[in-house]
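Visitor: Please construct the entire structure, taking both the sequences and the accompanying hints into account.
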Amino acid sequence: MTAPSPPLHASLLTVRGLTRAFGSTRALDGVDLTVKAGEVHALLGANGAGKSTLLAIVAGIESADTGDLEVAAGGSRDRPSVAIVYQELSLLPHLSVLENIATHELLLAGRARGRRRRARAAARAALASLGQDTVIDLAARVGDLPLDRQQMVEIARGLAQGARLLLLDEPTASLNRPQVERLFTVLRGLTADGVGVVLVSHRFREIREVADVATVLRDGRTVADRVPLTDIDDQALLTAMVGDAARALDRPTPVADAVTGEPPLLELPDTEAPLRVGPGEVVGITSLDPSAASDLLLRAWGDRPHPPGQTMRVLGRSTARWSPRRAVRAGVGYVSGNRARDGVWGNLSVLEHLVGPQRVARRRLIARPDVAAARRLVDRFAIKLPDLTAPPGALSGGNQQKMLFARWAPLGVRLLLLDDPTRGVDLHAKVDIFQAIDEIATDGGGALWWSSDPEELVARCHRVHVLVGAQVTATLTGTELTETQIVDALNASGTPAAGTPPLLAGSVDPVRPAGHAGSVEGEIQ
Amino acid sequence: QDSNSAAQGQAKTVKGLKLAYLAPSLDISYWQWVYSGVRQEARKHGIKVTQYNANNSPGAQLANIKTAIAAGAKMIVIGPVSSTSTPPVLAAAKAAKVPISFAGIGPQPGATDYTSAITADNHRTGVEEGSFVCKQAKQRGGNKVGMLSLPQDRENAQKYLRGARKSFSREGCKLVQILQARTLTVSEAVSQTNDLLTAHPDITGIYGMYDAAGTGAAKVLKTRRLVGKIALATADGSPTTVALLKEGTLQGLFLQEAVGQGTQAVTQDVNAMLGKPTTRNIPLSEPLVTTRSLNSPDSQKVLRRTYPSSAGPYN
Amino acid sequence: MTTVRTDPNDITSDPVQPLRRGGPRLLRTAARFRVELVIAFACVLVELLLSTVQSAAISSGNITNIAQSAAPLVIIALGQLLVIVTAGIDLSVGSVFSLTGIIAAAMLNHHVPTGVAVLGAFAAGALCGLVNGVCVAVLGLAPFIVTLVTYSVAASLAFVVTSGNSQPVGSTSFGSINSGHYLGVPNYLLCVIVLVVLLQLVLSGTTQGRWLYAVGSNERAARLIGVPVRGIKLVAYTASGLLAAFAAVLSVSYLANAEATAGNGLELQAIAAVVIGGASLFGGVGSAVSALTGAVLVTVIQNAVNLLGVNSFYQGTITGLVILLAVLAERVTRRSRTRGA
Amino acid sequence: MTTVRTDPNDITSDPVQPLRRGGPRLLRTAARFRVELVIAFACVLVELLLSTVQSAAISSGNITNIAQSAAPLVIIALGQLLVIVTAGIDLSVGSVFSLTGIIAAAMLNHHVPTGVAVLGAFAAGALCGLVNGVCVAVLGLAPFIVTLVTYSVAASLAFVVTSGNSQPVGSTSFGSINSGHYLGVPNYLLCVIVLVVLLQLVLSGTTQGRWLYAVGSNERAARLIGVPVRGIKLVAYTASGLLAAFAAVLSVSYLANAEATAGNGLELQAIAAVVIGGASLFGGVGSAVSALTGAVLVTVIQNAVNLLGVNSFYQGTITGLVILLAVLAERVTRRSRTRGA
Ligand SMILES: Nc1ncnc2c1ncn2[C@@H]1O[C@H](COP(=O)(O)OP(=O)(O)OP(=O)(O)O)[C@@H](O)[C@H]1O
Ligand SMILES: Nc1ncnc2c1ncn2[C@@H]1O[C@H](COP(=O)(O)OP(=O)(O)OP(=O)(O)O)[C@@H](O)[C@H]1O
Ligand SMILES: [Mg+2]
Ligand SMILES: [Mg+2]
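If you read the sequences in order, they're chains A, B, C and D.
Residue 851 is where the first sequence starts when you use this note's numbering, and the numbers rise one by one after that.
Residue 155 is where the second sequence starts when you use this note's numbering, and the numbers rise one by one after that.
Residue 1337 is where the third sequence starts when you use this note's numbering, and the numbers rise one by one after that.
Residue 1337 is where the fourth sequence starts when you use this note's numbering, and the numbers rise one by one after that.
Between beta-carbon pairs, the in silico distance windows are:
id : chain 1 : residue 1 : chain 2 : residue 2 : range
1  : A       : 1157      : D       : 1363      : 22 to 28 angstroms
2  : D       : 1512      : C       : 1647      : 34 to 40 angstroms
3  : C       : 1474      : A       : 918       : 55 to 61 angstroms
4  : A       : 912       : C       : 1665      : 25 to 31 angstroms
Simulated from the structure, these hints should not be mistaken for lab results.
The structure displayed is predicted, hence computed values, not measured ones.
Glycine included, every Cβ here is placed at the ideal spot set by N, Cα and C.
Guide: Written as structure tokens, this is what we have:
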């Protein structure tokens, strides 16, 4: 390493009184943040608190209106002082994984000899440290990868830069548990080398697993500055994030019980262990390969043809001739966590997003949006936004996601197809989403729910199926339904070709893996 | 001020008046040469000339004449987009009591509300050029002829073709292929001639209908070393084709007297303004100039009436 | 339905500016049509500047002249707009204009009644558009290629129909389609006004109109909530063909003449008009008013250049530079607004 | 740098197909250039079918003809491709072609040495491109409008330079630019081959080449990474102007004649060639080979139609339908591959 490592516990980043306004919205209103070398620093706050804005300013992408910002980690052209992993991914979809990870070597450095070889080594090492080198082909086009792998590519890019200060904006939002653990191992290795890491996440458990201190933002202000995580419990953290309005974290278990004897809401009869969602049931599905679950959900939704010979029954109807339009009108709803690709219309207003499904369901000619109903949705799901006519780009990531979920609420949906619906939604706001799902189940409806977060499935589902392709390989219910059991079943289902290699929770080699970012740098230099 | 103070037949002088020249397009230099004749004659009378371009659109042509009248034009010379596009133009000129003369292309048959039409006799030229090409082709031991045509949506192209067919059938030549231009560029004519010769290597004559056809075909004949073996004649004529005529690559040029049409049209308009007699229809022939006759005084005079000296040398 | 347009919560076609809540309704509408206003202002400015040199510029005769020559372009630009909002492009409109004009004229010359001739032209235009729509929406081909093919085929058929002969039209009942009046307003103007208002209402006030923007903004997201993406695209392309036929009928009725080349270059003019008016070729942005203002600006500049008697060789230069200025002015107002916000 | 091209991990220009890991290198390269191969196959098929009717079709003379008439289009399409990969469009190339050809010819006719005349044309072409680049990259204006303005201005200036008169070129040294040979290969062919290979290497193997794709793929992300987006766009538009001038010089040298209208319609042909070859107007996709195959297909079809002596009224129809078939074939192979995978 050429740049001298700053001593541990020296300040890498000092932010004082930073403000930033977008029109009349004060995104940052006097924020303080101090990050020291060798620590994982959790940056917490409800959706729209200003976390992403703050990180963007630190990374030099946004400008602040007022305030001081000092980055002590000296950078150079070859080695930036700050690397950032964006919440809304900033990948080049038409380019290869290699080119997206080794951007610096391939796209930015001069034409030194051996550039491509070094780039390949660096990219491979960065992927290997994340345990992805066997599942992600360096030659693959990034736009063809599923979201979790795109997220891994974006993280690998951040690691490959070898920066002293690493900003991670919700890097785990679409990752499964083994992927998360792999990432955290890498982060621990980096901090041991004196790198400072800022980690944004809405999953308290992950925060406690890896972070040392936390800074909490509320409405663009620092409300807790560098609190050691050992000194504060979850309830206190939540109170700091959302103020007095904090709700209890111990969420109710699903109230509704499966109604027996009624026809199922969704039935996939042709598999070995049939997949079934009964009235009143919330059924989770999990798999190492998220596209298997995505595929299944899209088939139920009518956007993907069934494989030959297979069928599915949804709300008692055959899905031989099925489409999202028929599904909406039959009382099905669909929410995807890949909001940029599957949900957001960059040119249209929030209001248009909120009334979209209603317009499909109600075949009216005149598109007069029910503004009052939209306002009620905004209130009910606490969507933070400047104006109903604002474009979705003016909303924080979590608020965009809430917007995409909220729009199904007024439709009287009987079956919800959920593809990681809470991606990036804060803990507090998740409760609103959970309640909405509960209400549907109580009324005899149900949900089929894929989540990257097993904690969520355990807390909310009656039953969780483990999938390999469209095949159910295991079903967990009752007392079996625990996070450990889910992870075990996943690992048992996993073949290296099918997804992430088997990795048991907590069984990660404590010794730094050979290919972590520190040695990546070594190879680059 | 009364906008019709200089109405037809009332004026004492045309000095200082405005004249509008409406060209169908500027893609063909022909309309520039008409313009140059218009300006030559207008300068003599102290008339100011403005040129308008219709880009081959009848809609633009009608907008142009209305604009010209709004801008104070008291006389009009027009090369229309097509004969059939002229009725609304004539109506506009009549409403404004402005004399209007045609150059190159005439009004719709049956129209009466115009001062004069100075046109080339395309049909007659078609007959003459067809006969010339056929004779030349037969001298070269064949009777198959190819044609590089103007787009056949133009009535001059249709008249040329009809005339040429008449001669071919009368004199025993076979028109084996007609290739229609789209962009009227030399490079288009080159590809078309190449394709013509590939598909019909046995032709001994090429009939060109526009100037670039002559240039393009000549280029191919030179490249393929077929000069003299395949006869080539074309209508129009420009410094480029005259040079080709001189060197013998082209055997005949049927010159359209563009400059002459421009001067005639202005003369007729001026006569109308001053109340002097005008001639309704002036069909001009397209005289043939051959390699041998090029240097004769008659031919030189024809050349001067075809394109202005600014376009290039005459010999 | 008229209330729809003035609904303060109705959504702007302007993607960038979040509207401030509250504020006078007039200001909000102005903000919503900012680009269109700037371009309309540019039109007026050109005419006013011109009138200082050439007083005939603002005579009623000249204004009628501008309106009459802008009418077909506006109508074609409206169709183009529908397609461009879906992130497509329709290069065939110029040829479809020529072809349908020729068809109408040829039918009239075969003594077909005026109404039938008009319907025939409309059917031909809609058919061309439908073919485009099927190739794009159902077969999934690139709009640029598909409509370039239709452009080439329609242009060629326009020659075939009448062997390349232009068609004078004698029918007075056909002529009155353009020249007639209704309540003192000439028909061509009425058509333009009705179409612009109607399409603006459809675009901003109906479900299908909003779906056009959704499809152009993120097609996959639209498909995933059940928007009939294919149907919407089919309708957009078919409407574009139909409107080209409408423009052709008006134009042939005015000129009493149809030619196989009458629409040459109209496709580029129409696309330019729509983009100058503020639409984006990447889809999701644009309004019927933008098609109107863009098309009028193009016509006004052409008229100004002619009135000034600019040497025709230089006309392209002047026209180009004025358009550039107008677009720059639009860009500058956008800058300053963003800065100020 | 030659190793770069055969790098199996190099990036495909194909947006849809994730490459399967492993597999023989040849197959991977074939997959990478799938669209290009289908179109090349279509070209060969057209010629072979044609030769059953007209044996002269595959004579060396005819192939030379095709090559000679395709050369300028290929070169212009290469420039167009650079712009289209960045998600832009360059409508000005046809006019720039005319203008620079006229400039070169006028200089030669004023007894300027050949080298200087060529450089003068190149400089004029690059300047036009640079103006486009500045308006798009620095002023942030829409490429469609900007290049439409340049198109209009350059076309107008082409008339101004020589008052609309076409310029015969007598210079033999200038003529030998096209007709000369090097190692038995005629110069025009050499130019095309060198340019295609060079640009393909630049696009797939150099930093700047990859930047072009980065900008077209996700401009915002590219800017965040640190790609000099403005510079890249400037280079793309300038190169497009320069290549148009290059094509003009070759063409004028061949024809020994320059006209103000020589480039009419070339812009649409060039865009069509690039899109037929597989590039996307939304950016990020396309290869130099795609520009080549697309341009050759367009030329081959034209040649076939002429050789068959198709009635010129129907030529547009036939040409259009063959292009549609080729694009459909390309689409079908994509389908079946996806199904099979
Ligand atoms: N471009 C913009 N225009 C207007 N407002 C914006 C813009 N970007 C962010 N904001 C506003 O700034 C505030 C902070 O947004 P930011 O994205 O920083 O939140 P966040 O803490 O990252 O939330 P999340 O957890 O949902 O990602 C939000 O209220 C948002 O609406
Ligand atoms: N509406 C549809 N009708 C028929 N087939 C569809 C439809 N939508 C998607 N498909 C099929 O799915 C394939 C892939 O679609 P697409 O790339 O849009 O989604 P995806 O596979 O989820 O994307 P990714 O996995 O790369 O994130 C298509 O080639 C098509 O065969
Ligand atoms: Mg955020
Ligand atoms: Mg997928």
